[in-house]
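The listed protein sequences derive, respectively, from chains Y and S. Note that the numbering used here has the first sequence beginning at 1, numbered continuously upward. Note that the numbering used here has the second sequence beginning at 175, numbered continuously upward.
Be aware that a few hints might be false.
Label pairs and their calculated CB-CB ranges [unchecked claim]:
hint, chain 1, residue 1, chain 2, residue 2, range
1, Y, Ala145, S, Glu303, 33 to 39 Å
2, S, Thr396, Y, Thr164, 35 to 41 Å
3, S, Val232, Y, Met1, 41 to 47 Å
4, S, Gln366, Y, Ala145, 46 to 52 Å
5, S, Glu303, Y, Gln88, 56 to 62 Å
6, Y, Thr164, S, Leu416, 38 to 44 Å
7, S, Asn222, Y, Met24, 39 to 45 Å
For the record, the hints were derived by calculation from the structure and aren't laboratory data. For every residue, glycine included, the Cβ atom is placed at its ideal position computed from N, Cα and C.
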Amino acid sequence: MGVPYIPVRGLAGTDVFARRTDMMIVHNPFDPDEKTVVAMAINPDVAICHAIKADRWGNAILRRGGDELLISQASAKVIVTAEEIVDQVTEDDPDGLFISALNVTAVVHAPHGAHPAGVPGMYEMDRDHIKEYIAASRSDETFQAYLEKYVMGKTEAEYQALVTRPAVVAVDGV
Amino acid sequence: MTDRYNTDELLAVLMSRHIDDFDTVACGAISMLPASAILLAEATHAPNIDVIIRGSDVYGVGMGRDMHFLAQRGKLDMFFLSGVQFDGEGNLNLHVIGDPDAPDRRFPGGYGSGLLAYTAKKLMLFRTEHSLRTFVPKVDFVSAALKTDPTITRMKQQIWLFTPKAILRWDDGLQRYVLLSYHRGTTPADVQAATGFELLIQPDVAETPEPTDEELRTLRTTVKKRMIETGTYAQWAENAFLPA
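If we strip away everything but chain Y, and leave its shape as in the complex, we get (with noise of 0.2 Å):
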């Protein structure tokens, strides 16, 4: 949107607003007898979106419901990668959500790029991988020891080796 602010209707009487500073109560410049939360826009400087597909040029199919089209369009930069890439992503596919080129800075091509998550239609999300990420979150020496075993250093082939491939969706079964 390119907003600086914007109005929201929420939150008011919280200890949110003694501990942030992206958000505040204002006067509502159209009537001085209300006051309304505002919040601050966020602008990535790089977001990172996965698609069931993209072509070349940028455009890609995202997955429904998701807020990916909104990060996007909020981003300075914005990298996509893709389970697929085709010869041409227009705006009517069934698939998805479509995002035009014009808002994409690069496309990756990256089979299974979801993981551990799930992309609809074509895998399930890796349930075990998302446990063992919990169970490593709870301390900083076990999450660190989870970003030995899986990140650090790795490339992406080789994170993939490591993990379990996602059980495919049936065709007709999202």
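Take the given structure of chain Y and dock chain S to it, following the hints.
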């Protein structure tokens, strides 16, 4: 408490009685008790309610944004909220126990609660433990507030708080909790003794009508089946209720 029903069944039945037919009724993503209360109401006295259950495979799928916008426009009739602590000022805590900078315990927090606490027209608060550690003089962190400054637009609300011991009502004029009724097996004095703030207790306060056999039977059969069939906390529904 009796051996006729467990705490979850008691709260589901009592909350379901407060659901009015034709209302738009919603609950969040980890809301097993509200979901069972809503589906019990739908199966009994409120067959025409519009239902949004965020943790369901069937009820209100993809309606998250709709639900919040409905609430912001004052068109969400009822929402359910719980928290780790409640206080006599009408605050709920879903964030931390202890010092927020060095918490003893950290909870998921909640943006939605801080919104829905003043936009849903009927607010159903509930807590499965009624004790001095859950009903405290002052919460450790205010995640949602029943009191807001008069300059903030707030829906005209009805607010209840359901516990294993009692039903409390938030009196907007008095800005405090009133004991609406106490459950079988407890007394107004017991309820007050388990509450870390002062309740307004009228001398003629009544006992809560117990769950009826019919309500319990419907919960354990129709509602349980419906929850399992619709992917509405199916695993929870398998084990939550006593045998029909």
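Now for the hints, and whether the structure bears them out:
At roughly 35 Å, the beta-carbon separation of Y:Ala145 and S:Glu303 lies within the given 33 to 39 Å, and the hint holds. Separated by about 40 Å at the C-beta atoms, S:Thr396 and Y:Thr164 satisfy the suggested range of 35 to 41 Å. Taking 41 to 47 Å as the suggested C-beta distance range, the pair S:Val232 and Y:Met1 does not conform, at roughly 33 Å. A hinted range of 46 to 52 Å holds for the C-beta pair S:Gln366 and Y:Ala145, which are about 50 Å apart.
For the pair S:Glu303 and Y:Gln88, the supplied restraint of 56 to 62 Å holds, since their beta-carbon distance comes to about 58 Å. Range check, Y:Thr164 to S:Leu416: Cβ separation about 39 Å, and the 38 to 44 Å hint holds. With their beta carbons about 42 Å apart, S:Asn222 and Y:Met24 fall inside the hinted range of 39 to 45 Å.
When held up to the earlier numbered hints, the structure conflicts with hint 3 and nothing else.
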